[in-house]
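Number of protein chains: 6
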Amino acid sequence: MRPSGRKTDQMRKVSFERNFSKHAEGSCLVKFGDTHVLCTASLEEKTPPWLRNSGKGWVTAEYGMLPRATGDRMKREAAAGKQGGRTQEIQRLIGRSLRAIVDLEALGERQITIDCDVIQADGGTRTASITGAWVALHDCLKWMEARNMVKVEKVLKDHVAAISCGIFANQPVIDLDYLEDSAAETDANFVMTGTGAIVEVQGTAEGVPFSEEEFLTLMRLARGGIGELVQMQKQALL
Amino acid sequence: MRPSGRKTDQMRKVSFERNFSKHAEGSCLVKFGDTHVLCTASLEEKTPPWLRNSGKGWVTAEYGMLPRATGDRMKREAAAGKQGGRTQEIQRLIGRSLRAIVDLEALGERQITIDCDVIQADGGTRTASITGAWVALHDCLKWMEARNMVKVEKVLKDHVAAISCGIFANQPVIDLDYLEDSAAETDANFVMTGTGAIVEVQGTAEGVPFSEEEFLTLMRLARGGIGELVQMQKQALL
Amino acid sequence: MRPSGRKTDQMRKVSFERNFSKHAEGSCLVKFGDTHVLCTASLEEKTPPWLRNSGKGWVTAEYGMLPRATGDRMKREAAAGKQGGRTQEIQRLIGRSLRAIVDLEALGERQITIDCDVIQADGGTRTASITGAWVALHDCLKWMEARNMVKVEKVLKDHVAAISCGIFANQPVIDLDYLEDSAAETDANFVMTGTGAIVEVQGTAEGVPFSEEEFLTLMRLARGGIGELVQMQKQALL
Amino acid sequence: MRPSGRKTDQMRKVSFERNFSKHAEGSCLVKFGDTHVLCTASLEEKTPPWLRNSGKGWVTAEYGMLPRATGDRMKREAAAGKQGGRTQEIQRLIGRSLRAIVDLEALGERQITIDCDVIQADGGTRTASITGAWVALHDCLKWMEARNMVKVEKVLKDHVAAISCGIFANQPVIDLDYLEDSAAETDANFVMTGTGAIVEVQGTAEGVPFSEEEFLTLMRLARGGIGELVQMQKQALL
Amino acid sequence: MRPSGRKTDQMRKVSFERNFSKHAEGSCLVKFGDTHVLCTASLEEKTPPWLRNSGKGWVTAEYGMLPRATGDRMKREAAAGKQGGRTQEIQRLIGRSLRAIVDLEALGERQITIDCDVIQADGGTRTASITGAWVALHDCLKWMEARNMVKVEKVLKDHVAAISCGIFANQPVIDLDYLEDSAAETDANFVMTGTGAIVEVQGTAEGVPFSEEEFLTLMRLARGGIGELVQMQKQALL
Amino acid sequence: MRPSGRKTDQMRKVSFERNFSKHAEGSCLVKFGDTHVLCTASLEEKTPPWLRNSGKGWVTAEYGMLPRATGDRMKREAAAGKQGGRTQEIQRLIGRSLRAIVDLEALGERQITIDCDVIQADGGTRTASITGAWVALHDCLKWMEARNMVKVEKVLKDHVAAISCGIFANQPVIDLDYLEDSAAETDANFVMTGTGAIVEVQGTAEGVPFSEEEFLTLMRLARGGIGELVQMQKQALL
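Protein chains in written order, with our numbering: chain A, 1 to 238; chain B, 1 to 238; chain C, 1 to 238; chain D, 1 to 238; chain E, 1 to 238; chain F, 1 to 238.
These are calculated hints, taken from the structure and not from any lab test.
Mixed in with the good hints there might be a few duds.
If chains are identical, the list can't say which one is meant, so a pair holds when it fits in one copy or spans any two.
With a straight-line Cα cutoff of 27 Å, these simulated DSSO-like cross-link-like pairs (lysine-lysine) come out [what the hints assert, rightly or not]:
1. 234 to 31
2. 7 to 56
3. 82 to 234
4. 75 to 31
5. 234 to 46
The structure presented is a predicted model; accordingly, all values stated were derived computationally and were not measured.
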């Protein structure tokens, strides 16, 4: 039995609130249950130095958490003077996930930075971030299309979405909330495209190592969930 | 004529959304027009080192801005590796403003940290932060009262709220939005209590120095606005 | 009764020692009683990046304190690895105060940096810094005039000086020394020009909030003191 | 055809040089072809703060690269003033991998730090680090056993080793060297125990997302290679 | 011919102004010609952690330079966020030099920190710092003796002073000023006690390596100069 | 009697392993007994900013220590976020020592960075670094000569090598190992050329100041040892 009463293959309620920000070229407040992440897309008309004169653009991401997004207040990274290892790991993952479905040449020599800021955390912040970041990126490209800068369908090759799965109380379950996450034996994050191809897989044994069979079960659960998320992304764009 | 069409003594629409955060002991999303600040109050059962065994507690504040809260994306302070001078100035101001209306002995040896994070900025983030922080602090104290830790009316001696005033297009106006703020000749922030006493005054000539008469006009405008803000705080607590 | 025996409207003995530094284009050791600040002006033939090709120059300030300028030794900021919030607040204030009386276009595309380093502290370091910085800036401009780079009277539109006032033992007093400053209920700093216009006002209730009447009394005291300081600046230039 | 002429399922020559360091409680210079990593295990008789009085110990890892371990010299992280995101990601992975096969209660309230320093890099530094770190950890525990501090078989529950696999020139291959790694479409790292259970899986599409079938092929290759690595670890201990 | 017209064995005019600081337990403004260094001694009633309960105290030093102490303004180390290599080298040298003539057991479990801050630089700042630091340290110990904390002659075993020598225009000369220092082929700093024993020797070939004979000539010059400096220290204490 | 049983003028076994690194233009693993330092030379086709268009190149050095190179594990400088004072002092010494025997004009507008990383430490890491760095530098220049970039004999004017001497148990001894170093009363490092000229001398009294006679004895010991080291460098190049 899951603490939330959900079925093993049941994700939390997911919603996307587009145009959340007045300023950003694209933005989306994504909610996976009580996990709320604000994703904003910021366009700059220049690339990082290593892409100058390459004809290619870049998509990158930064991740942060408000200090009291969590049950106990965490030290503000700006006050601590550096971003922790976990933060860097997550923002690198978000960036790679988005670049996997973007044609950087079609984007042209520009950079889009997706900021994913966790307003409230209840497990699964990185998967919510990726899933919402896609919507913010899409809307930024729409904004650009309206100004004849790009064609959205040229730049955005596919959807991308992500979900966590894990083994909780000996049961493979999808979309772990904080209670489950902190007690799970195994924790895996899957990032897949709209056509079901894999962009990233990260599986970690928190305690006991897991078997290949268990891992395949988690991957099957994830495939189902990501399919649903992609449908919800499509719905949100209507 | 103000860009927003407001009258010179007319503040923007102000709202308080209490209990915005699932985790914090007190929280409030305060809006002054398009300026939105999330204020959370976090209670810790220990004081800073210099107050150990003094019988007194402490109230402090931290301030941050999401990178794309502004028209142009700003570098994330956590990535830059330090908090800028403006950030430090503001968070020190918020802390001092709150401590002016708190009885630190009645609080006991505890610390309450108010995090003010700007979700969207359109001028006046520091004054919105102070005004919303008071609500978050109040709700944190209520939470404590419900657990027999303190009496709210012993700790919280008064209301505190803040507003900016400035001289825009040769007119003294209240509650400057970003357009006004960036063009104002003079910019002043006032922090006052519910009984009309002054906690902080900060007046700055951005271009031409100003006269004492001008300053007094701004102070009169502020007194009116802060009176309204205190009424709205009271309304929000009902 | 003030600890120093001064009258309520009596400033400490103020002196300016020009050309204190062999190397700087302008320099001044300013003393407000036992508060001694070395102000040096350094000219650079380039502006900050955001002013390139704007035809305008820049005046900025940095502030520091020797570790044992104070009663107890303070950690050296260079060893701590960052400038504290108070340091940043003060150096921003000094820079703004000077820019208020400088014509940046007449200066041309150059930067003048005023370093204010507190050799000995006894309260009022920021007001002494501003008052002495004006002299160092003036002498730097004279140095430039001697080389046909600028006309002093074109660049320097007015004097600027600063003084603190506060309520100590229920009495409004001017130019607080450390003993008064640490016990004052209210502490205000005023920056005004030679013609009596206001550049900056900062009033802070350290304990009990103050009334508008009290604030106006402090402003009146400050106006008198700054008038005297401007006379002393003029005297020092003879 | 692989640049090195290896078969698709052929790892590079692997060797372990134990007791490489005069000072460390356990140490091992591990070579995967031209990738050389020095792993040292350092024992401390105290745990991190969050484990005080828990009866449990801790195993952690740090990772570094000599500046000229790579083809082009990289900036020294100590000179840059921080560890990069990649470094933090890898050292967190090594630590988790080791803790998965350690009984932290049997270790007692002590900390073992495994430093993995890359002397020369040619792809696969993280997998070589994990595989060599296990040997250093084992020898540290032997050193402790000789002093009656622990029983090795109580603390060390299993072997752990790691290998990279990827799709290079449309072929799934094992143990990518630098040439392959920089051209691979997909890059995956597997960490498994001596009994074949999975500790960590990380799969990343560098360009085109990959299919589940491709991923399973990589996992099969990895399982074979890790089986060999565990045999070589056993051989090295004789 | 030396730029200053001095003879090869002639030091610059040296002076010590004791009790320069109102706050410090001991202080001295030392001048070697146009090189001016403020040395303050600060007493703390605790030792560094590694000396707790050892019965011994510690003497340490910190060194800094005001940004415009030099011909061109140097970046403020506090703003740069770290102390440079040269600063660290010098402050370590000052600390070692003082500890060589202090009986740390007779000092007792206390720490004296000598801050040497260069107000104006014209070559030889480290040697002026050491020579002036001794006076500040002496006066701090006198302050302590007056409070029955120590006996000066028990703690302070000898004088210590320092001078630079170098080969300038093929001539061995003493006490190089900035013009000489920046053109010297060889630069050596000597730290010696009142009894002529050597505490530190640092000789560096800036361009062409030097012979043992040249080095011995420099050492002889230094011995003479340090003898004079010790006499001046004694004079200053009268 | 020395702990190692060596005679007072007997250095430890010294060896040079050239071409230790696959990637560097020149490299050498130098061993002075149990002190092992990896020296790599990295060529860059650009100079530091201050030498642009000067026709001159630059040789610089960086120094590091693996965390467990020492008896007790030391904090990793990259994790600590800065290089310590000792590290900076040593890397500045290595750079100066090499530049003393290099013709920077003959090198042309290029920079060679010598990284000296201590794999294992047992005293004398700075002297081993300098002695090995010369070999790495030589081999880098040979690499360049083979590509017609420079003539080795034009750039490399002489050998350079270094040795420590000290007074241990009242005996002047050469090449102190860790046991001797930590107990020595006096510690001196000498850097000399192949022709016996002095590049750097650093003598430090750890406890009791030393006499000129003692210092001259140490210098004589050093001269003998460095003569041997230069012969070994020549041997290693055969």
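Taking the hints in turn, this is what the structure says about them:
no., hint, result
1, 234 to 31, "within (16 Å within a copy, 31 Å between copies)"
2, 7 to 56, "neither (45 Å within a copy, 35 Å between copies)"
3, 82 to 234, "neither (37 Å within a copy, 40 Å between copies)"
4, 75 to 31, "both (24 Å within a copy, 25 Å between copies)"
5, 234 to 46, "neither (30 Å within a copy, 49 Å between copies)"
Violation of the numbered hints given earlier is confined to hints 2, 3 and 5; the remaining hints are satisfied by the structure.
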